[in-house]
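One letter stands for each residue in the lines below.
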Amino acid sequence: MAALAGKSGGVLNIVARNSLDCVSSPQENTAWSIVTSFWAPKKIFCECIYLGRILDNDIILISLRDFFAARDGHAMAAACATLTKAAPPADGHPASADTADELEYAFNRLFVGPGAVPAPPYASVYLDPDHGLMGESTRIAAAVYDALGVSSPSNGSLPDDHLALELDAAVVFHALKAREQSAELAALWDYFLRDHLMLWVPLFVACIKQAPDVPPAISHVASLLSAWLSEESGAKPVTHVPPCIN
Amino acid sequence: MSKITKQEIERILENPVSRRSFLGGLLATGALVILPSCRLLRPGTVDTGQVWEGGYQTFRNACSRNCYDTCSIVSYVKNGVLKFVEGAPESSFTAGGLCVKGNSYVRRVYSPDRIKYPMEQQGRGTGKWKRLSWDEAMDKIARKILEIKARDGSLLGLALSKYSGSFGITHYGVEGMMSSLGYTTRLVGTPCWPAGMDAQNFDMGNMLCNDPEDLPLARYMIVWGANPAWCSVHSMKFLYAAQEAGAKLVVVDPVFTQTAAKSDEYVQVRTGEDGALALGMCRHILDRSLYDKEWVTAHSIGFDEFAAYLREHVTIEWAAQKSGVPASHIAAIAEEFAQARPATIWIGYGMQRHVNGGASVRILDALVAMTGNIGKPGGGARYAQMQTWGFNYHAKNQKQPESSKGWIGASGPKGEFDFSGVKENVKYADRTININKTAQEILDTKDPQVRMLWVACKNILSQDFDRPKMLKAFNKLEMVVVADQFFNQTVEQADIVLPVTTFFEEWNVNASYWHYWLSLNEQAVKPLHEAKSDIEIAAALSKRMNELAPGSCTFPTTVDTKDWTAQEFNKKELDLFGISSWEELRKGPVKAKLTSSAPWSDGVFATPSKKYEFHSDLCAKNGHDALVMYKEGRPAYDKLRLLTPHSKFGINSQFQNLDWMADFNSEPYVYIHPRTAALRGIGHGDAVRVFNKVGEVRLAAQLTADVPPDTLLMYEGWYKGLAFNCQNLVDDLSSDMGSFKTGAPGVAIHDQFADVVRA
Chain A
1 MAALAGKSGG
11 VLNIVARNSL
21 DCVSSPQENT
31 AWSIVTSFWA
41 PKKIFCECIY
51 LGRILDNDII
61 LISLRDFFAA
71 RDGHAMAAAC
81 ATLTKAAPPA
91 DGHPASADTA
101 DELEYAFNRL
111 FVGPGAVPAP
121 PYASVYLDPD
131 HGLMGESTRI
141 AAAVYDALGV
151 SSPSNGSLPD
161 DHLALELDAA
171 VVFHALKARE
181 QSAELAALWD
191 YFLRDHLMLW
201 VPLFVACIKQ
211 APDVPPAISH
221 VASLLSAWLS
231 EESGAKPVTH
241 VPPCIN
Chain B
247 MSKITKQEIE
257 RILENPVSRR
267 SFLGGLLATG
277 ALVILPSCRL
287 LRPGTVDTGQ
297 VWEGGYQTFR
307 NACSRNCYDT
317 CSIVSYVKNG
327 VLKFVEGAPE
337 SSFTAGGLCV
347 KGNSYVRRVY
357 SPDRIKYPME
367 QQGRGTGKWK
377 RLSWDEAMDK
387 IARKILEIKA
397 RDGSLLGLAL
407 SKYSGSFGIT
417 HYGVEGMMSS
427 LGYTTRLVGT
437 PCWPAGMDAQ
447 NFDMGNMLCN
457 DPEDLPLARY
467 MIVWGANPAW
477 CSVHSMKFLY
487 AAQEAGAKLV
497 VVDPVFTQTA
507 AKSDEYVQVR
517 TGEDGALALG
527 MCRHILDRSL
537 YDKEWVTAHS
547 IGFDEFAAYL
557 REHVTIEWAA
567 QKSGVPASHI
577 AAIAEEFAQA
587 RPATIWIGYG
597 MQRHVNGGAS
607 VRILDALVAM
617 TGNIGKPGGG
627 ARYAQMQTWG
637 FNYHAKNQKQ
647 PESSKGWIGA
657 SGPKGEFDFS
667 GVKENVKYAD
677 RTININKTAQ
687 EILDTKDPQV
697 RMLWVACKNI
707 LSQDFDRPKM
717 LKAFNKLEMV
727 VVADQFFNQT
737 VEQADIVLPV
747 TTFFEEWNVN
757 ASYWHYWLSL
767 NEQAVKPLHE
777 AKSDIEIAAA
787 LSKRMNELAP
797 GSCTFPTTVD
807 TKDWTAQEFN
817 KKELDLFGIS
827 SWEELRKGPV
837 KAKLTSSAPW
847 SDGVFATPSK
857 KYEFHSDLCA
867 KNGHDALVMY
877 KEGRPAYDKL
887 RLLTPHSKFG
897 INSQFQNLDW
907 MADFNSEPYV
917 YIHPRTAALR
927 GIGHGDAVRV
937 FNKVGEVRLA
947 AQLTADVPPD
957 TLLMYEGWYK
967 GLAFNCQNLV
977 DDLSSDMGSF
987 KTGAPGVAIH
997 DQFADVVRA
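Chains as they are written, first to last, in the working numbering: chain A, 1 to 246; chain B, 247 to 1005.
Same shape as in the complex, but just chain B:
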């Protein structure tokens, strides 16, 4: 017999029939049954349905990141392995493409760096980890919870920090898990968008935005404090389409962003002075009588008061002096904006992360409103929307065990996705503390203190503010449990880590806060390693809780992510999207059936007056000025401004750790204006130390005139294996608004200051 070649072996192995008959006679003798030594492998075959050659199986997925675009994805699976992903062609928003991050998803699932098993650290930060079985992990956690309940008489010593690591709707089952255990402490609010959210609610009675797909109808567009070229790449095609049809694109930003590079005109505003700039425009429009008298008369209240304020307190020269934009330039864009119909402003989240952020959003709203652009297709003060998020929140809405004791008093909203409103006259409630001051709240909270912290969908040691203080706060915690996919800086400080599934390994449903598409997320592959979804973790915990103390947890002890996804739909939500069953989403994403691409097109608002409110008593009742007006920014506390915006290669602390991203962006930099650098003797590439009252960061400098001379910029992010953390330089000062709709004020991320020296 001639030697069997490698090629022949490979050909034989490729075909299940030929490979199983290859050793046929040998195996038929039953040799395997009496094999002495094989311990891991066992007699048997893999699923015979698998094929090696031929077509891919496709699945519907939805990007669950905290991102404008919330892309509809088609995933391609072969032999049970995810091979590649594409944007779903059915969605005219995603339109068949993904961003640089989305295209890396295969790498996320199959990265050798993934957290694979439940593990326990023998001393936080020691790196001494032991594997646990799921049963062992749940036992340790359940016993700690029961111990806290026995000690304090309630579970207020158990706190949850969860935010936007996954916006799949069943992930609200983490909040549900907490409720199913009892009344707990919740870190509420959001670091993202709450000031602007409150502002739009005061002005219009809700936060609704034009369909971004109607941007091509705009004749004039101002992108104000947003960078969609990086953070909403799918919106760019609509901006371009408008430009091609003759519209002007103006970008207002302190930083010359990639979006600014694509604009027709770039306006470099002084950080935090967006309100002054917009008020100068409003004053000029008023002086030239270019505002929409008919619209403000019919559909608003308080305009006369606003006009009087403008005449009395605002001049275009004042606006120029405050904003750093020349008066002639302010006048020119004001005139162009007011005379273009329709004209629109995209109000970015970056511009409201200030102590005057909510006030500034109200001013931008007013600018759009007084020019008659609210309620117009192609117009609008575009910020965000949540009207497509009308799910059942089945996973979230769990009942506390009977006889649970909790916080005594009224309970406000627990974040922006808590639609249950303010509850009064309840016997017990959860205790709410401010998520944007997590460190301080853990340090301050007493009776009972926060003893145990559960972290899900969040990397608090990369994303929460004042990291040095956070490390101190962690010292106070008796147990920290983190559910995550990668070993980030929070997992480093955990006692127990639990591996969670990627969205390809579970069922879910996702809506966007920007566009109007709804996407199903099908399980495309089996969970790798021992990863479980957040609700499967809740079920496993409930099982152990009830074994140790029957009745101590109401969460079901078995869940199926598909069933639970199905239970998130209701008739109203299905009707909004014009489908009769959620299963129709398996054919592709669907778009909400909107009567108009512009909200408020009937001129009726959801405010108490049913009109647009330049003067809002509700706003005053919430502790702010009733009238739209200027609010001073934060006084400088160091020599230079510090900005820590989103990177192109990540969303918050996600993605940058993947080697595919590191190939393009291997280390963090601080970006410095050449003049500022020269004064400090700093050259391009020099190692520097950036420092302020919070802490310091050491990294390399890059010199660029894209940042203003008074500004240092470093992109937030978590780099695998690097200690870099911009939260060593960001304090936890609140922004002005956010409590009304999210239960806690936002945070002034972009009102930070620092200095830099050569290291």
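The shape of chain A in the complex, shown without the other chains:
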């Protein structure tokens, strides 16, 4: 357990320096430092002990979040490495064979730009009738965060339904559920999972799977994302791949 926590802390430290969404304006630094102060590996270790259980699923969830929040190849590769270790690809393919640069180019081509991306990582693109950003689904994500007592530091510049933020909210749910019994909390999570995440993440994964030239590492991430969702919901993995809307 200690080794596992230490490992994930190392990964996360790298990500924290390079993550797109941690870029904060000066007035936001105070709030951020409260959170980041818990990110020394030792602290993580302590929290892990306290919680008594960091499941493989949590490592996967955290790494999935870190992957989609990553802004450079090193952070992407680090998240991939953790994921591959926690859940090796079924076919044994060395998913991390791509260089950090190649991973970064493919990641940007699929999710970031500057070109039109085949798999935009925002819920509203899949759920809203206009398939645009900042739609009703974006508001729902923000409202769920608000109910949890958290908010995105991006001040609206990153849509609230970006996958990395939603996975981060899942981490919050996990942590709260681990320490508190609450029907309301369970109901809210059930809603966020079944009436939000499960409605769009499979579509997003389908877009990745149908995109050309996807590196094995990113395919593996997509599969783990599907698997995580299935495990959370108790549903079978989606075998029917819906057509990609993009």
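Check each hint, because a few of them may be wrong.
Claimed, not checked - Below 27 Å or equal to it, Euclidean Cα-Cα: the simulated DSSO-like pairs (lysine-lysine) are: (1) B:966 - A:209; (2) A:209 - B:374; (3) B:651 - B:722; (4) B:329 - B:252; (5) B:494 - B:483; (6) A:177 - B:252; (7) B:839 - B:817; (8) B:645 - B:692; (9) B:376 - A:209; (10) B:249 - A:177; (11) B:789 - B:645.
Simulated from the structure, these hints should not be mistaken for lab results. No experiment lies behind these values; they were computed from the predicted model shown.
Model the placement of chain B on the given structure of chain A, informed by the hints.
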């Protein structure tokens, strides 16, 4: 406890109070403060002022595209998100409506395709992109600029290509950014309207047009080489009103346009022979003594010389033979035009994109003038105006750092919005090169060569001419920086791309070059992603420049787009619009207080003679014929003519990439006359190859008799994900005029030729 339903959850989430108390006890224990794992989200709430239900916030916006209509917009915002847009009802020009493009604006802001972050390409055209922070991007750019300065001793190796992607006035801060760095190389001129602009300046001393809202007063209207049904939809209601009041609408165009379909009479002129047609009309009017003798005597010079020219060199039969319009038809419209009072001609920009374009505009001006229709409400040779553009150009007017070295010699105008005139006896100046020959100029320019190109408000690889040559020219550049909103064909060839704001995300002010309304553009929503306005980019660059080399850039290191918009106003501009403060524009657009809807109504012109000049020595001094006269068109260089005009679904390369446009217009076509197609065995929908000396384009054919048998037509535009580019078939030959007012001649976009075969 019974299970909480989805509907209950949604109801709870809709209300900030209920959703924050939903988990109340749980959160009150401080659980979140010791959360181990949430890294992106943080404890706290969003702005409590937000409401889910209820009214929209409205904002004033202005369409900043290069378009006649420059619509006044009201935008509707809810929870910080732009929901929909409408035309402002206060403007009697926009009159509450927008065009198909304007109505798509929400999609532009929230398209998942937007450029979101500064990024760097590892090899142009490779598609290998890495994200940069703004600091990293500015550092790379600033270091390159300093390296160029160290190498060359000046910044003439840094060139700017900017044109009309946004006509918001603070966007001239891009030119300001260049000046704030030093003396640089500027691609000057305009591909749009310069030949006609010079022509009107020679004839009348300025380019002024009647208020389009006075069109209902016209008794006879010729729309000549313009297609307002697509390109100025708000003008159509004024044309219709005139028609309803009994006026005749004649459309002169080589192509049977949507405007032609709305006309009472369509005249299919041979491309580039507009001047011949108009001269035939002038000759007939002269022969029938239907011209306004009193007006030409009192208010013009050179008319007798013009009349002699007509008698000696022009016959109606010659005009018919040149223009392809039967002599009887020329005579009929000439008589009708001359006898209707007032009569007007809308001179389109399309008809002057020729080697004889300026000469042809002078002839159309002469036709309107000799019939006494200049200076008359409902009359006029309507081309464009810039008298409502009297801003301070505060963003643009930046000072070079002291000790900057530059081009030695006089400096002419740098485009049509440079009102500073010709400066002589300056120690240093910017180096100016022709924007319409961007590729050739980059290839040819030496001592120092152009090393770095900054592209803003422009998609040069879709819109500039001779694309194959442009790609060669790019090979010579050491760094290309492009600021844009979408990944167009220019961004594809960039080293660094910078995301820029849409006009909903910044403050600005906009005037039209056609109507007389002034519109404020308020920031309606926060910038999405990491987009910055052009002046915020300039400020960020200045900050890094000064960190690396103090004093190397004079641009302020912080700007506020609202403050900078406010600084564009002056008393003269406010007086023109009858307002005492720019803030009054927050209540809605205002119209200039015109003494008459017709310029030149007092019969006094801004020419050297103060009269209308059929004979212009100034024109001769600028290298053209002093007298209004015919100028030959470009000889054919291939079997068929090729026209590449504006599409209904885009303005230049903007809008067509949006999926909402692709729903209606998903792919480009070449339009071919059925007879021409039959000769080549081409059927409707066939894949074809259009080719000429410049290059080739592969696309599908559509057969239509709306185009003449000798003409191929394809609409310009940039389609998302398609390689289509009509500039593979358009060379960079100059038009006759444009240098006088814009610093470089225009370009003969519509003097192109090509052939077509089945692919």
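- Message: With the threshold set at 27 Å, check whether the alpha-carbon distance from residue 249 of chain B to residue 177 of chain A stays at or below it.
- Response: 17 Å, holds
- Are residue 494 of chain B and residue 483 of chain B close enough, with their CA atoms no more than 27 Å apart? Holds, at about 14 Å.
- Message: Hinted pair, alpha-carbon criterion (27 Å max): residue 209 of chain A, residue 374 of chain B. Please report holds or violated.
- Response: Since the Cα atoms of residue 209 of chain A and residue 374 of chain B sit roughly 20 Å apart, the hinted pair holds (cutoff 27 Å).
- Would you check the hint for residue 645 of chain B and residue 692 of chain B, treating anything up to 27 Å between C-alpha atoms as holding? Holds, at about 25 Å.
- Message: Next pair to validate is residue 789 of chain B with residue 645 of chain B; report whether the Cα-Cα distance is within 27 Å.
- Response: 16 Å, holds
- Take the C-alpha atoms of residue 651 of chain B and residue 722 of chain B, compute the straight-line distance between them, and say whether it is at most 27 Å. 23 Å, holds
- Message: Holds or violated: residue 966 of chain B and residue 209 of chain A, Cα atoms, limit 27 Å.
- Response: 22 Å, holds
- Query: Given the hinted pair residue 329 of chain B and residue 252 of chain B, is their alpha-carbon gap at most 27 Å?
  - Reply: 26 Å, holds
- Message: Please verify whether residue 839 of chain B and residue 817 of chain B have alpha carbons no more than 27 Å apart.
- Response: Judged against 27 Å, a Cα distance of about 14 Å means the pair holds.
- Message: Next pair to validate is residue 376 of chain B with residue 209 of chain A; report whether the Cα-Cα distance is within 27 Å.
- Response: Satisfied, since the Cα-Cα distance of roughly 22 Å is no more than 27 Å.
- Message: With the threshold set at 27 Å, check whether the alpha-carbon distance from residue 177 of chain A to residue 252 of chain B stays at or below it.
- Response: 19 Å, holds
Going down the numbered hints, you'll see the structure goes against none, and every one checks out.
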